[in-house]
Amino acid sequence: MIDSQYKELKEQMCEICHKMWQLGWVAANDGNVSVKLEDGSFFVTPTGISKSFITPEKLLRIDENGNVLEGLDGSRPSSEIKMHLRCYKEREDVGAVLHAHPPVATGYAVAGKSLDEYSMIETVIALGSVPVTPYGTPSTYEVPDAIAPYLEHHDAVLLQNHGALVVGADLLTAYYRMETLELFAKISLNAHLLGGAKEISEENIDRLISMRESYGVTGRHPGYKKYNK
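Using UniProt numbering, read the sequence shown as starting at 1 and increasing by one per residue.
The reader is advised that the hints may include incorrect statements.
[To be verified] Derived DSS-like pairs: lysine-lysine, alpha-carbon spacing no greater than 27 Å straight-line:
hint, residue 1, residue 2
1, K36, K10
2, K89, K186
3, K82, K113
4, K225, K186
5, K10, K82
6, K82, K7
7, K225, K198
8, K36, K82
9, K113, K36
10, K229, K198
11, K10, K89
12, K7, K19
13, K226, K186
14, K113, K7
15, K113, K58
16, K113, K10
[Stated by the list, open to error] Each pair of labels, with its calculated beta carbon distance range:
hint, residue 1, residue 2, range
17, Y135, T218, 29 to 39 Å
18, K89, N29, 24 to 34 Å
19, L194, D39, 46 to 56 Å
20, G107, K19, 16 to 26 Å
Hints in this document: simulated from the structure, not taken from any laboratory.
Yeah, the Cβ is synthetic: ideal placement off N, Cα and C, and Gly gets one too.
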């Protein structure tokens, strides 16, 4: 990857960070973004800086073990980088990871409720169900260990009492998945306020999932999978 491509990728990361802040998905120093480079290293957001203030020169480049290869003196990645690195280790198709606290989706995470209603055509095709992963203490390996079993079939998960995590082949794909996840949560909540969602039949769910390729939808899908009891 040539320098001009690195520059473009850094600018895109900053644009997504700013968008996350503008949408209210993060506050103060919340959230983190990473993207995998061709040489196996990663651009990541630094700890201790609001996503609204991120600029290209503040981004770090790290190796697969989280060691800083490039960055401003004193800058370091978030302790949650362990979670990002586990995503890349578990899935070769993952090129970018976003972690944020979108309010409604995070409300479901805090309530311990998975988003597993198959009631809206677009989210059935894009995500399927979104599970709540077991609680993990931030900055420890408990969090990556908690999410790892779900990555085989899911591109989006809710982190219990914490927030949301999405993966994608590239930054824009991951960003769009976070947008879809938060919209899924908002619509699910609205449906509950109106008395409950009317689910699509399993036969039609299977038909929708089979249409993913024709719609150009990439990534993993759990099929028809329920988590809430």
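Hint check, failures only: 2, 9, 14, 15, 16
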